[in-house]
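Below are the chains, spelled out letter by letter.
Number of protein chains: 2
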Amino acid sequence: MSRWQPHARERLERAALELFEEQGFTPTTVPQIAARAGLTTRTFFRHFADKREALFGNAEASSEQLERHLMEAPATLSAAALILHGLEHTTRYHFEGRKDDLRRRSAIIQSDTGLLERNLQKRAAVRDTFARELTRRGHDTAALHAEIGVLALFTAIEQWLGEDDDRTLFDCVLESLESLRGVVADYSPEPGS
Amino acid sequence: MSRWQPHARERLERAALELFEEQGFTPTTVPQIAARAGLTTRTFFRHFADKREALFGNAEASSEQLERHLMEAPATLSAAALILHGLEHTTRYHFEGRKDDLRRRSAIIQSDTGLLERNLQKRAAVRDTFARELTRRGHDTAALHAEIGVLALFTAIEQWLGEDDDRTLFDCVLESLESLRGVVADYSPEPGS
Chain A
6 MSRWQPHARE RLERAALELF EEQGFTPTTV PQIAARAGLT TRTFFRHFAD
56 KREALFGNAE ASSEQLERHL MEAPATLSAA ALILHGLEHT TRYHFEGRKD
106 DLRRRSAIIQ SDTGLLERNL QKRAAVRDTF ARELTRRGHD TAALHAEIGV
156 LALFTAIEQW LGEDDDRTLF DCVLESLESL RGVVADYSPE PGS
Chain B
6 MSRWQPHARE RLERAALELF EEQGFTPTTV PQIAARAGLT TRTFFRHFAD
56 KREALFGNAE ASSEQLERHL MEAPATLSAA ALILHGLEHT TRYHFEGRKD
106 DLRRRSAIIQ SDTGLLERNL QKRAAVRDTF ARELTRRGHD TAALHAEIGV
156 LALFTAIEQW LGEDDDRTLF DCVLESLESL RGVVADYSPE PGS
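Those sequence lines, one after another, are chains A and B. Letter by letter, the first sequence follows residues 6 to 198 in this note's numbering. Letter by letter, the second sequence follows residues 6 to 198 in this note's numbering.
Bear in mind the hints are in silico, worked out from the structure with no lab data behind them. Among the hints, a few may not be true.
Any copy, or any two copies together, can satisfy a pair, since identical chains are not distinguished.
With a Cα cut of at most 20 Å, we get these calculated DMTMM-like pairs of lysine to aspartate or glutamate [as the list claims (entries may be wrong)]:
no.	residue 1	residue 2
1	K56	D106
2	K56	E122
3	K104	E163
Next comes chain A alone, as it looks inside the complex (with noise of 0.2 Å):
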């Protein structure tokens, strides 16, 4: 017998979303996901540390995948260009055509404390990816631009699963950092003070 099994990471998640659906995060163990995929425990702990990984999806590899694809950016980009590039790359290969699932996963994630918090710090982890290249290539303002790059981000993807007309998750992106610009605008030094 083979050890291979054919799609089974991505049986694994389609799994783990339904059972948590169906009966909670909480309550839905390992060997249930593996036993709906038809796959055993061990295979489930070959492609995932534990079950909230399930969910996630391979968030390092999509780290990884980011990063290189900035590090490949020309090098003449400003810092807001290599940002909006590395954010299409990101929309367009982790989002696009996957908005049911994403929906889906996103109701699970708002239903257990320690998912939120693993998205916090998935969220953090692009901004890091973000500022690194960009404090590689030398730009002072790299701290916030990976930050407000991520804001704009993580602002579009909310809108976008909240809505049914057929923008991408990249116009909302744009739509997000116009709409941030007025509300930072808001903030102007008053005269005199």
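Chain B: place on chain A using the hints.
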């Protein structure tokens, strides 16, 4: 014997900070912290749920205090003015005059993944407090204003702790907002796009 211990909370926080510095966060136990403070483990657990909380101070109480302060602010304030009002209060009451302790605490937080997660959670809690009150007042950019508020605060904290001049934390907050304006302006849509 009275159960009341004068300044028990402060003594426990100080003992925890010292022990985390001397021997690291992970190896330090609650009984050690209680012993260093000259108190019992039971007293420790009357004040903190776990050793992590002894480092983060009374986060819940400060959240409630911020919430009350925002609710009591004039109804005529703009979203930005309300955020500034809350930030001025928070920086004055929870940060000013404590730079040295906060710097020591920050070094410990940076050393431990769980503490970094807790810190992200704290940031999210402040954001949610801002967003709730802005929403209650009917500001439609509540979520974004709340995000910008905590972003300015947490960026300013890092800068303030890193420097030895006599600027207040609130000065640094205003400066962060100024820098954010510059950064966000970099994302202006290109003509024709």
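Evaluated hints:
1. K56 / D106: within (17 Å within a copy, 38 Å between copies)
2. K56 / E122: Result: close both inside a copy and across copies, 15 Å intra and 19 Å inter.
3. K104 / E163: Result: close within a single copy only, 11 Å intra versus 36 Å inter.
Of the numbered hints stated above, none is contradicted by the structure.
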